[in-house]
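All chains, please: the whole structure from these sequences, using the hints.
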Amino acid sequence: MTKSTTSKTVPGKRKKQSGPLQEVWKRLKKNKLALVCMAIIAILLLIVIFADVIVPYENAITQVVALKMAPPSAEHIFGGDGLGRDLFARVIHGSRVSLFLGFGATTITTIIATLLGSVVAYVGGKADAIVMRILDIIISIPTILLALAIAAGFGIGIPQVLISVSLAQVASFTRVVRAAVLNIVDLEYIEASRAIGLSDFSIVMQHIIPNVIGIILVQFTMQVAENVLMCATLSFLGLGARIPTPEWGKIMAEGLPFLRYSVHIVIFPIIFITTTALSINLLGDALRDAFDPRLKGRA
Amino acid sequence: MNKFIIKRILICIPMMLVVIAIILVLVSFSKVDPGKMKLGTDATPEKVYEYNEAHGFYDPLPVKFVKFVGNIFKGDFGISYYYDRPVWNDIMQRWPHSLRVTFLGLIIAMTIGIPLGVLAAVKQYSLIDRIATTLSMFLSAIPVFAMSVILMYIFSYRLKLVPASGIKNGWKSWVLPCATLGIFYSARFLRFTRSTMLETIRQDYVQTARAKGSSETVVIWKHAFRNALLPLITVTGTTLGTLIGGVVVIETVFVIPGLGTLVVEALSRNDIPLVLAAITILAFTFLMIMLVVDIMYAVVDPRIRAKYRSTNRKKRK
Amino acid sequence: MKNKLLEIKDLTIQYVTDEETVYAVNNISFSLEAGQAFGLVGETGAGKTTTALSILRLLPKFTGKITNGEIIFEGRDLLKLPVSEMGTVRGDQISMIFQDPMTSLNPVLSVRSQIAEVLKLHRGELKGDAQTEEIGHILERVGIPALRMNEYPHQFSGGMKQRVVIAIAIACSPKLLLADEPTTALDVTIQAQVLNIMKELRRDLNSSMILITHDLGVVASICDSVGIMYAGEIVEIGTLEDVYSPDKPHHPYTAGLFKSIPSMTEKTKRLSPINGLMPDPTELPKGCKFNPRCPNCTDKCKEGEILVASKGTHSIRCVLYKNTDL
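For the protein sequence lines, the chains are A, B and C, in the order given.
Numbering of the first sequence is given in this note's numbering, commencing with residue 17 and proceeding in unit increments.
Numbering of the second sequence is given in this note's numbering, commencing with residue 8 and proceeding in unit increments.
Numbering of the third sequence is given in this note's numbering, commencing with residue 694 and proceeding in unit increments.
Don't read these hints as lab results, they were simulated from the structure.
Check the hints yourself; a few may be wrong.
Heads up, simulated BS3-like pairs for lysine-lysine below, C-alpha to C-alpha not over 27 Å straight-line [stated by the list, open to error]:
(1) A:K48 to B:K130
(2) C:K1015 to C:K1004
(3) B:K229 to C:K754
(4) C:K754 to B:K130
(5) B:K167 to A:K84
(6) B:K130 to C:K773
(7) C:K820 to B:K229
(8) B:K14 to A:K142
(9) C:K758 to B:K130
(10) B:K229 to C:K813
Since we're looking at a predicted model, the values are computed, not measured.
See below:
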């Protein structure tokens, strides 16, 4: 996979090795679509970070009677929503909430799944069997039902959505990590490491995790897109962001009653959500191809 | 084979119990006090306590669990906090609507997704394939509620072809909700069928079939597709989980009085018994469909059937 | 002059993709008479399977291109037939046995229905009980008890699976049987059994056979004539005696192949493989394709077309020989 370039003039000294991650980056850069996606995601991140600079938060929550249902204009690029708030402001600030939910939930899931998956695969045996059984049961409950049950017990709000979504995904993510680790644990260089006295912890840190990073990264990316959509859906149903916090799903829920009269209220959040999810998904695909070109062409 | 079916049906019981337990545990964290809700804010703390005690609100969790499960068999889901009437009636009234959306949606999704997936795989890289793949990519980036809203706007408000909401207009009311659900999830079936078919078409036994002189149609359907059916059935099971979520959304957007809308409404009114019952029935529906899916898998795959063959038959080599 | 059952002339096949072109088969010619068994020998990647697939026109649709040549079967050029008519040839007049029995059978269909498929296509008049009876006969012929016909492939061992594959191939008593490394995936003992069955069948049906293999021993036990294939070319061809006899001249590759077989009688310190590897089929060497590895390589070998020296049944494509040398 990687070639080490030995400096010809000075025996014993090696030029910097092109590690596997750099190879992946090189392959990724060649993919034009991936670059476009990365650009879009970068722009989104900028929007999230500089939301306050782009448009003040008050605009997103202040109701102005004149603005009710107003169509897009020069001053208010996206127009006004049903309650007279500046839609542009709401969508821009909503991106913070939506992306925070998506990334946040995925991060929590990833951390738990990586640790759990690696340990369980490495240790094996009974612990492995028990944990997998429990996970199987959790997977068998549809995410929405879990989220509803959590909402019933813990109320409505952003933290609740975060917990619901991240917990619901932990099971499948752990499975992925576990499978990846199992592939590696069997390899002989783990045996060799043990033979020279490396502690289990070191083995996990130095050998196992770096090799599964690729798979985790791809899974993470795909999961973020899914979670952004999932959290938007939960907010749409009223289980997430509370009034007056803007969130893409919530904005659409608010616009639904007014759909008969004007469509702009829902068009803009839809464009943002779809673009976000599409870019992240395509980037995930590209990442997967970059990590293993042999899988190219498979759905 | 029958052994397998019986075994599989029996497993449903402990599974259902575990799921109920999990849901119950989560819901029990609710701080909603039934006594306060029923008796109002000026009731004395003693009266509230009395009321709650009588209704088993302070029972330890295991007791609650046993009572809950026991009551289900009696057809009793408790009394709604908000409506003050047995929950069972509301549930049973709304369940058929949810079932209708679920089944019609699933059937439409499979009817569109699977044949298109086969086509896309057989004619890989052709125009059809490219269009199908791109479309399904878009569909998976847009949330269900967004698509529902868009289709509602186009077909209901603009083209005025079908009613936008409610179920008062006979079969027409169901067209848009079921079609939306179906089209949305067809993308998943399309993608998966395509990728599985691409793999099975490359298998050696497909080449053997061609060498026999079989026509390409026979080769694709009798050999490749028949084998792709197995993972396809599995994916139907996993899609089902998200489909249920889709049903809740569809019901909300198109204002269909089903279990989905029931839960969401009940949540906003803190009507815990209603929420609990609705989630339980939805979970039950899900597990039942999964049961059918698993049995179908055994029916289609002779290798699984063979595992459960009865011992009086000739022992296999 | 006997009527030839199969005549292949100047066959050239390439696999064309966006990135590269693989020159799989380069201008080969050989022929087969009725009842004759021809062994096509070569290393992996020599183009043997490609040749066989091309006879049935089963090359991959988009990438496999027959750029030149004729495949004349019973007087008809198969390459000029409309693809729909190939369906009548396949399975009925020409059958193929594929390499890996583990994956050649459809796992979800019973053995019976897989054999029935061939019968239905080409012996449609057999229906119901008559068909079942015939399937039973066919299975017994390959040594499988008829009452196992309703079982599924996974219930058979590797050797039995291969027999099922053979059963499917001979179901309609084909005139030509293409066997692509039929015993490579099997244990040596099972190999012997399967080869015996094939010999018997050949005798009973008087079908011709093209046996593809890399195993010289297998060829010796069944075939009448042999073709040695290297990098898409037939470098030596002749009767079994022509090619196997140590007293006759041979192509250096053939000589290398025979020398690399470990001897049962002599003691040696090391084996003598042929140096080097087969060339990259996308970038074949000029002149003789074997020249990078040939111990007798000269300048003449590196350029131009290498002429074939032939006498009677024996031909060698090598600069070293002229017709009179053979």
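Right, here's what the structure says about each hint:
Proposed proximity of K48 of chain A and K130 of chain B is supported: the alpha carbons are some 26 Å apart, at most 27 Å. Among the hinted pairs, K1015 of chain C with K1004 of chain C is consistent with the structure: their alpha-carbon atoms are about 9 Å apart, no more than 27 Å. The hinted pair formed by K229 of chain B and K754 of chain C meets the criterion: a straight-line CA distance of about 20 Å does not exceed 27 Å. A threshold of 27 Å between alpha carbons decides the hint, and for K754 of chain C with K130 of chain B the separation of about 11 Å falls inside it, so the pair holds.
Among the hinted pairs, K167 of chain B with K84 of chain A is consistent with the structure: their alpha-carbon atoms are about 25 Å apart, no more than 27 Å. Taking the CA atoms of K130 of chain B and K773 of chain C, the gap is near 25 Å; set against the 27 Å cutoff, the hint holds. Restraint check: the Cα-Cα separation between K820 of chain C and K229 of chain B comes to about 20 Å, which is no more than 27 Å; the hinted pair holds. Using a Cα cut-off of 27 Å, the hinted pair K14 of chain B and K142 of chain A holds, with the two alpha carbons roughly 24 Å apart.
Pair hint K758 of chain C plus K130 of chain B holds up; C-alpha atoms about 19 Å apart against a cutoff of 27 Å. Between the alpha carbons of K229 of chain B and K813 of chain C the distance comes to roughly 14 Å, so the proposed pair stays at or under 27 Å and holds.
Against the hints set out earlier in the document, no violation occurs for any number.
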